[in-house]
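A.B. asks: One letter stands for each residue in the lines below.
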Amino acid sequence: MQTFERLSKILVKNYKIDPTRLTLDGPLEELGIDSLGMAELLFFIEDEFKVQLPFDPVALPTLGDAVCYIDGLLAAQQVTETPVIAGGAPPAAPHRPV
Amino acid sequence: MTGIGIISPLGNSAAEVLGNATAGRSAICRIDEPWCKRLVSPLAACVKFSGDEHFDAPKLRMLDRVSQFAIVAARQALDDARFDFENANRQRVGVFLGTGMGGSQTTDDAYHTLYAEQSDRVKPFTILMGMTNAPAAWIGIEYELTGPNLTYSTACSSSAVSIGEAWMRLRNGDLDVAIAGGAEAPLSFGALKAWEALHTLAREDPFDASKSCKPFSKSRSGMVLGEGATIVVLEDWERAIRRGATIHGELIGYGVVTDASHITRPTVTGQAAAMRAGLQAAGCVPASIDTINAHGTGTQANDAVETAAIKQVFGADAYRIPISATKAIHGHLLGASGALEFALSLLAMQHDILLPTMHLEIAAEDCDLDYVPNCARHNVKFNTVMSNSFAFGGTNAVLVARSAQSAAVRCAEGN
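Residue numbers (the numbering used here), protein chains in the order written: chain A, 1006 to 1103; chain B, 575 to 989.
Treat the hints with care, since some could be wrong.
[Stated by the list, open to error] The calculated SDA-like cross-link candidates involving lysine to any residue, where the alpha carbons are at most 20 Å apart (straight line), are:
no., chain 1, residue 1, chain 2, residue 2
1, A, Lys1018, B, Gly625
2, B, Lys633, A, Gly1042
3, A, Lys1021, B, His628
4, B, Lys611, B, Pro780
5, A, Lys1055, B, Leu688
6, A, Lys1018, B, Met636
7, A, Lys1021, B, Phe629
8, B, Lys633, A, Pro1066
9, B, Lys697, A, Leu1047
Bear in mind the hints are in silico, worked out from the structure with no lab data behind them.
So that you can see chain A by itself, here it is in the shape it has in the complex (with noise of 0.2 Å):
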């Protein structure tokens, strides 16, 4: 499954958000997720591809913008071929299945 249809499963699931609504050019504010709201997210898109990200917070305005960031983790995830800790955060800690 592609990158954005996996967000759009946890947006979908989570936020009861209907699909039609999700662009890829769509602000996330727009969709009920503010600043802390993405704290909550990032949380779900660490779980759902298995990447840690960085203990500061991302700014990531749009979906695309989040669907970018996450190939980009993927991406360098396939090159080390172990878990990506980005922003040389500590070791992952153990994921819960989504």
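Given the structure of chain A, go ahead and fit chain B onto it with the hints provided.
C.D. replies: Below, chain B alone, put in the same frame as chain A:
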């Protein structure tokens, strides 16, 4: 008091709650969760409530059940009060909320993640959902209320304290309106086990689980935990009259006195002093109280001590004054109990009903007052009610209110 909002085991509207309380329908039952087999008595009084009927999904993700209850009860209360926000100075509207355990379900979930699942994946909203002042904060945010937003945590008297403290601010002229009450959602496995470990919870009635809480009874064995929220709207009498509000009753006294002797054991002296303080603040003599809503938990310690304290304060009148203990059917909502019982007392007074103390077949020898056993009394005109809330930690709070009709007469006479 011009608005009442209730989310409770007895129902999710004032009318439904009064109807069930009058009929003595118990909301206490066996709970059915996978972890219940690890409880000695898997009993609780649960609210029938689904957050997704009241909140959109992104917001709901930030709300512990306790905040959901509080917000929905506040909406009900403000609707009931027909509150006009357009013309309100929002800095003169305060929120005063009592809760004993705050977002305990969220905290319990986080501990489960850490210790049971051995995972470090604690959810990002754990703090903001679990913090004790979240319910009050959300009410303030929802209505953009910029006056004081205060949370009181004095265990089982929390919401009597919050209402009393709000009343004092109003009486001092610091505020135009107060949104006050309590919320509690303590029915997580961790919280239930912790209460069980304290040996305060009731044994299950072998014949009918719904009758397990028996205040003032010879066979009482403890309390049953419940959940919910009750919010009331308080405003100055003249202001309420001016805007043509429906007045449920007038809060006229609040007494708060602390035992300062033992962390759990109640004292006759402390409870009696709180009742006297409430009477003094109300300018009432003991004989003028028509009915008492007792703290009446169904524990051995409270019910005997409360009975003795009522006798100490009211003397011979103690035997005349009808006493209701509604925890028998809605359970003990901890920090939300005081507000629920106060609201219920005023609703009953509005409808000339003395609420029953259910499951009281044989009263204990040291509980020998009129507890309105097992059956409501109808068409009883009364004008003054006292509502008692006592607590672990020793903060005893008492609210005294009178009916709107009697308040109107007294106001016309200049009292």
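A.B. asks: For every hint, state whether the structure bears it out.
C.D. replies: Here is what the structure says about each hint:
1. A:Lys1018 <-> B:Gly625: holds, 16 Å
2. B:Lys633 <-> A:Gly1042: Since the Cα atoms of Lys633 of chain B and Gly1042 of chain A sit roughly 9 Å apart, the hinted pair holds (cutoff 20 Å).
3. A:Lys1021 <-> B:His628: Given that 20 Å is the threshold and the Cα spacing comes to 14 Å, the pair holds.
4. B:Lys611 <-> B:Pro780: Measuring from Cα to Cα gives roughly 16 Å; hence the hint holds.
5. A:Lys1055 <-> B:Leu688: holds, 19 Å
6. A:Lys1018 <-> B:Met636: holds, 16 Å
7. A:Lys1021 <-> B:Phe629: holds, 11 Å
8. B:Lys633 <-> A:Pro1066: holds, 19 Å
9. B:Lys697 <-> A:Leu1047: holds, 11 Å
Violation of the numbered hints given earlier is absent; every hint is satisfied by the structure.
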